[in-house]
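Those sequence lines, one after another, are chains S and L.
Counting with the working numbering, you get residues 1 to 990 for the letters of the first sequence.
Counting with the working numbering, you get residues 991 to 1208 for the letters of the second sequence.
Please note that a few of the clues may not be correct.
As the list claims (entries may be wrong) - So the derived label-pair ranges between C-beta atoms look like this:
(1) S:Asn-561 - L:Arg-997: 49 to 57 Å
(2) S:Pro-577 - L:Lys-1179: 49 to 57 Å
(3) S:Ser-397 - L:Lys-1092: 32 to 40 Å
Claimed, not checked - Below 20 Å or equal to it, Euclidean Cα-Cα: the simulated DMTMM-like pairs (lysine to aspartate or glutamate) are:
(4) S:Lys-933 - L:Asp-1048
(5) S:Lys-390 - S:Asp-408
(6) S:Lys-358 - L:Asp-1048
(7) S:Lys-385 - S:Glu-401
(8) S:Lys-390 - L:Asp-1048
(9) S:Lys-821 - L:Glu-1062
(10) L:Lys-1179 - L:Glu-1141
(11) S:Lys-579 - S:Asp-521
(12) S:Lys-390 - L:Asp-1069
(13) S:Lys-93 - S:Glu-67
(14) S:Lys-933 - L:Glu-1016
(15) S:Lys-241 - L:Asp-1069
(16) S:Lys-386 - L:Asp-1069
(17) S:Lys-353 - L:Asp-1048
(18) S:Lys-606 - S:Glu-864
Derived from the structure by calculation, the hints contain no laboratory data.
Even glycine gets a Cβ: it sits at the ideal position worked out from N, Cα and C.
Spelled out, the chains give:
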Amino acid sequence: MRAASRLHVPSSRAAPQNPDVFFQAREAANPWYLATPAIVQQAMDRLAARTGRAYHLVDYHGAPDAERVLVIMGSGAEVTRETVDALLARGEKVGVLQLRLFRPFPMEQLLAALPATVHSLAVLDRTKEPGCAGEPLYQDVVTALAEGVSAGHRPALPRMIGGRYGLASKEFTPAMARAIFDELARPALRNHFTVGITDDVTHTSLEHDAGWSTEHAETVRAVFYGLGADGTVGGNKNSIKIIGEDAGLHAQGYFVYDSKKSGSITTSHLRFGPHPIRSSYLISQASFVACHQFHFLGEMDVLALAAPGATVLLNAPYPAAELWPHLPRPVQETILARKLKVFSVDAIAVATKAGLGKRINTVMQTCFFALTNLLPLPQAVAAIKKGIEKSYGKRGSIVLEKNYQAVDAAISALAEVPVPATVSSTKERRLPVLPEAPPFVQAVTAALIAGQGDALPVSMLPADGTWPTATTRFEKRNLATEVPEWDSELCIQCGKCVLVCPHAVLRAAVYEEAALAGAPDGFKSAAARWRQFPGQKYTLQVSAEDCTGCRLCVEACPVKNKREVRLKAINMAPHAPIKDRERANWDFFRTLPEVPREQLNQDLVKDTQLLEPLFEFSGACAGCGETPYLKLLSQLFGDRAIIANATGCSSIYGGNLPTTPWATNRAGRGPAWANSLFEDNAEFGLGMRLALDQQRTRAEFLLRAHRGKLDAALVDGLLALEGRDPAALAGRRHLVTTLQHALADASDPELHELAALAESLARQSVWIVGGDGWAYDIGFGGLDHVLASGRDVNILVLDTEVYSNTGGQMSKSTPRGAVAKFAAGGKQAPKKDLGLFAMSYGHAYVAQIALGGDDSHAVKVFREAEAFPGPSLIIAYSHCIAHGYDLVHGLEQQKLAVQTGHWPLFRYNPAVAETGANPFSLDCKAPSLPLKKYAYNETRYTMLAHAHPEAAEELLHEAEADLKERWHRYEYLARSVHGWTADAKEEPHA
Amino acid sequence: MPDLSTRYLGLALTSPIVASSSPLTERLESLRVLEDAGVGAVVMPSLFEEQLTLESTDLDTYLSHGADSHSEALSYFPDMWAYNLGPEGYLTRLAEAKRLLKVPVIASLNGVSVGGWIAYAKRMEEAGADALELNVYYVPTDPAQDGGAVERQQADLVQAVVESLKIPVAVKLTPFLSAPANVAAQLAKAGARGWCCSTASTSPTSTSRSSRWCRPWT
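Based on the provided sequences and hints, a complete structural model is requested.
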């Protein structure tokens, strides 16, 4: 308002200031800082008047004559308050000082609120500043008290210590708060402590009694284990609303998600009770535990949090009376030991009958209410239906009816499970990782997978944040109920299924028949269809335990079974019956020899798919459209690739703990991967290139300087210009290895240095990878800078046309008419032409590809881009769940994207221009289908057509005009002879 | 200008040429062109109950897919205030056509359930349709069901719809009947005031991808 009211008085703000006035200008703002605390308090008072919730800049809670006090900010203060109440009840003189304003720091209020009787004080910071004298809040409190003593407001300083807690939302419980109060009672205090972890390196941690609880006995504590896909979290959010509004109880919910995007496990912690709930920590003693996926029982300790006598609800595919023998031994033992009451419902059957498929949330929610009696059941059912109407009403009456039907059928399907007196099962829980995993994976990764990461001591963690790669291969998540099965007789060995597999679970190999010795029964092979490998065998093998069941491989298969037309050369088959067989087959397949790279024609898809992928079994969504490109990158260049990865989906499935999909080959070589930030990734990768070039320059200097001490032919070979074809690269690798061996025992400091730099003499392939949110938007400035630099880096944009990782926000890549967050009315502007931007430099290789549109083109582009001795940009169409359709049709949609002109395939190769030819090549046919044939297969477009049909139609027409204009532009470029159009005489200004 | 007036389903038509259910009758502008060119009546494209159901369930499925699964993305689409998922779009266009045209406007319906046939038929009548054409398509997959039973089932359906409406009802006959005249007689007995022949040999309820995801009614 102030700005608006002053529009008639133009002014300049933030003008660059010189040293003469900058200092005074900064001090001129002091009165506003000094006035701020009082203004904030006035705002808090207004809130109190309207809501009854009274807050102050500093709130003290505890004994008026407290001797020991904790100072803390944020939600941890609620935990400390709960702890203080429990300790006061035991007669201890304790208190908590909660700060609600950090800057300007409320020194006066802090001094006034702290009881004069305090002799020991601990300040807690939820942060770590390495190398500091103390964390920020601690330093401020120490300063405030020191100034208070100096000014005579307090007679003396209390004993003061600072500590760290709860980094990255790690648990902070009353037991931990109590450990700090206990520490304050000791004669000698441990300063700069930590709490909530076990620090066995620098021994900063305070021990706490994890079993000590302050929770109210009347509070219902419920824990639910579900899959992201089954709607558990959504159902629980509705339950909280129902209980908070209809039952008049206090309600709280915490939802914990894992790092995977396929088969992600959710854990919901819900509290309900008659008293206000201040417990800002997860449940450790649950009175109700629900397991919404039966297979979890065999994979994780689902009952770990169940309190003695708790009620357990299982979604089980067996009748209650027959369930007991199907429970794993540890589960049976816990049920008996803790005297748990067990109920079951076949929620999948109920939901399927109602037409909801695997969406079991309303079934399980109804059973929860039936078992907990938080509301009379008829009232609960009515409230659940009301919630369903609120959540799904807009999606049509048929959706409501299906959910109502599931709710009504749930109660009658619920039954108590008879519990015998003894354990009968011999079934054990699955190990988190394979037994053959290396020691680090067994000790650390396995603990993370099992949900035991909180218990790992400091000494187990890599101090510099460097973790081993190739760890997904030990996980074996067994997500798929159906997996691909190969028809060896029908297969034409084209490699398309291997190429598109998002999780690299399909592998192909060509090998001598003798290698089949010792193959397990049922291991399939066929005569290899390669001219250069006469008489050899071919096998297409699936790692069934790593498959997500996405079916993209089946869709990609071009072969049809003439005897049974529904079948192809690869078909989905139930996993369970072939699990053991395929596990043995996979283990054997991994022992088969690899075809030497230089014997393959890497321009052919089928040949490239014999190369071992060094990106495997990631946590990406089933059917992901991004990961096949990364896998292809790893197959072609993985043994010498260095990857800078922008934050986004690819950094989550590519590098988030507990496991890493970037892998190593049998020689131990593989991509090195790092993620810096969202906004600086291009520069991050450029830095890698510059560092490698510096290292190489130094290595070449040292080679020349010490030529006399080394094999001269070796030195000359390494200093010669290197080739870029597979044979030349293999030769180069051999020379580098020879040099490394020669320098293994070098004592000369410079030769020792040369040994360390030897790797830089091999060709390193630097890749800068990210999504469209990075490349088109947040990292675009850096991307532009890197393109302009002319340096030899390769940029891969995994273009989903939306910010996928954060839930579908519009990017500048989002096409006109598509609905996205921040574009709920359909995006009004056209998609940015990133390729055209990049081409304008003239010295950058630029290409746009779509695997489903033309896979050979994609392979060719990757190879050309990598070989180009300057910056390369590949823009890769990536289908995504944020487009809103079954991704089994992802490749078909990619093809339609090309055919409708939405995604033209092209290459701009400056190397071609050097020959005098046109560097721009339009690599697809002119659009032959209307845009709606592509767009209206996707919810991102159809939801607008449902909600605002006229607007959708208008945007569709505008989008088609965009495509036509772009196509004409590209056609014009394709017609031109480098710098001049072919028809320049006719259309000089065309 | 010779007098070409005639009657169809009890309706007085200025011309015996009726624009049948097709893309030509989808848009109001083209309906006007047809009337100006002299058609005696127009039949709107069919409303498919199955399509409405599919659109609704598909929207629900894909708006929910991936939701509440990952801490950084609790959903993938923005929430819209409302979706035009029911027959309202069709009915609005029907009412608009009735308002704009002088010639009779005949609605067309393809249902799945008996309840659906009747409910949608009533709403079309309420929207102002002068008559209703039933686009009956049924795939008899029960080996125990003979041809006569299939024909009786269709006649029962026609009777149920006719009894629930005041406007006349016609039935679109499939070209694959053993005894079309006999079937026509049965349908007339059930209350149909007329019938028309379809040249289409493809399934109107095809579940091929292109028709499943065809454009929603606007």
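Against the structure shown, which of the earlier numbered hints fail to hold, in ascending order? Violated: none.
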